[in-house]
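Trainee: Sequence:
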Amino acid sequence: MCSMAWCNLKITLPAAELIEEECTPRYTPNHYYPVRLYEILNDRYQITAKLGWGTSSTVWLARDLNPWRWCSARYLAVKIKANNYATKEDAERDVRITEKITHANPQHVGRNFVSTLLDSFDVPGPHGLHVCLLFDPLCEPLWMLKQRFHGDVLPLDVFKPVAKLILEGLGYLHSQCHIVHTDLKSDNILMALQDHSILDKVSQDENKEPLPQKQLEDRTICVSRNHFGVEANGLGRPMITDFGLAIDGSRAHYHPIQPDSFRAPEGLILGQEAHLARIKSVLGTPPVDMLREAKYSSRYFDAERRFKHPELISESGGFEKILSGVEGDDKQAFLDLVSRMLRWRADERDTVQGLLSDPWFQGL
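Taking the numbering used here, the leading residue of the sequence shown gets 234, the next gets one more, and so forth.
In short, the hints are calculated from the structure, not lab data.
Incorrect hints may have been included.
[Stated by the list, open to error] Derived DSS-like pairs (lysine-lysine); straight-line CA-CA distance at most 30 angstroms:
| no. | residue 1 | residue 2 |
| --- | --- | --- |
| 1 | LYS333 | LYS393 |
| 2 | LYS441 | LYS243 |
| 3 | LYS564 | LYS393 |
[Stated by the list, open to error] Estimated spans, in silico, between C-beta atoms of each pair:
| no. | residue 1 | residue 2 | range |
| --- | --- | --- | --- |
| 4 | THR518 | SER419 | 55 to 63 angstroms |
| 5 | LEU449 | ASP323 | 26 to 34 angstroms |
| 6 | ASP535 | GLY469 | 50 to 58 angstroms |
| 7 | HIS336 | ALA465 | 50 to 58 angstroms |
| 8 | ILE273 | GLY517 | 52 to 60 angstroms |
Cβ atoms here follow ideal geometry from the backbone N, Cα and C, with glycine treated the same way.
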């Protein structure tokens with residue numbers, strides 16, 4: 234039961250206004266668990282604030298009601314999955330992959346830069362079971378970190394160590410877990426907290442000054458509290474998160490992966506002319522044998538390897554011309570690093586371990 238003071242401060246949004254998870258494509262309310270603030274999950278974890286949402290889950294801050302007696306209040310992030318799975322095996326897939334990532338090799342340095350599982354359980358909802366995954370709470374995503382700096386661009390002295398640590402995390406996923414993330418982007422790289430006591434304040438703030446909510450007949454949709462007011466020097470290491478689309482890298486897969494803007498050329502010769510044009514403007518014309526082997530290359534290139542949509546090709550030139558904010562030796566060193574990753578042929582792209590040994594990372 235909420236206090237009168239809390240109820241008086243609550244801001245209610247119009248029912249017609251779409252917010253949070255309602256904005257996802259093909260949103261179906263019954264697929265999402267109708268979380269209530271301060272409810273207790275699994276007889277142990279009390280929901281205290283909403284942290285975020287995605288196309289297949291919502292994430293909440295929860296207080297552990299059963300911590301070690303000598304510990305201060307312990308908070309965890311609870312990811313409550315939507316129940317739109319075709320089979321029970323599909324529902325448990327996220328748990329299996331995350332458990333594999335958690336236990337593959339705890340001694341590997343890269344494990345420090347991936348989010349690992351603390352607990353999991355199912356919670357019954359009005360329309361079926363929901364898988365719950367528990368992790369250490371993290372702070373802002375990488376895209377939000379960029380907004381702290383001029384022009385929304387990370388300065389080199391910040392970007393370089395962040396990039397190196399992300400590569401360390403990817404190295405762990407690839408070499409120790411044999412897992413391919415497939416959805417790596419700035420939304421799914423979060424900064425760790427150096428001082429977890431801030432979580433107690435986040436929880437109290439939601440109680441004293443709750444963010445707006447939308448009251449519906451069968452659920453309340455809360456606005457996420459994903460900015461903790463932490464100064465930049467209070468942020469920790471970058472963490473790779475969200476393995477909901479991760480796949481087993483030890484066997485072949487034939488469906489498109491990666492966000493559209495980061496998709497490799499071999500995944501684009503099946504479609505998406507504009508993005509393929511952007512790649513061509515940087516890498517030039519693809520090799521003859523690659524076009525010969527691509528089933529649908531004739532849709533995009535003629536017999537002379539000319540791109541059929543020249544109007545889409547940028548006139549800005551190669552990667553060197555569009556790279557700004559880096560000058561001198563640093564610029565050339567960074568271009569050399571990037572050139573090891575941006576290749577038409579997948580077998581010519583460098584591995585994570587090869588990239589970590591690049592001179593650009595020397596001195597870190």
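Trainee: The structure should be examined with respect to each hint, and the outcome stated for every one.
Mentor: These are the hints, each one checked on the structure:
1. LYS333 with LYS393: Judged against 30 angstroms, a Cα distance of about 29 angstroms means the pair holds.
2. LYS441 with LYS243: Holds, because 9 angstroms separates the two Cα atoms, which is no more than 30 angstroms.
3. LYS564 with LYS393: Cα-Cα ~12 angstroms, so holds.
4. THR518 with SER419: 55 to 63 angstroms: With a Cβ separation near 30 angstroms, THR518 and SER419 fall outside 55 to 63 angstroms, so the hint is violated.
5. LEU449 with ASP323: 26 to 34 angstroms: Given about 28 angstroms between the Cβ atoms, the range holds.
6. ASP535 with GLY469: 50 to 58 angstroms: holds (52 angstroms)
7. HIS336 with ALA465: 50 to 58 angstroms: violated (33 angstroms)
8. ILE273 with GLY517: 52 to 60 angstroms: holds (59 angstroms)
The structure is inconsistent with the numbered hints 4 and 7, although it conforms to all the rest.
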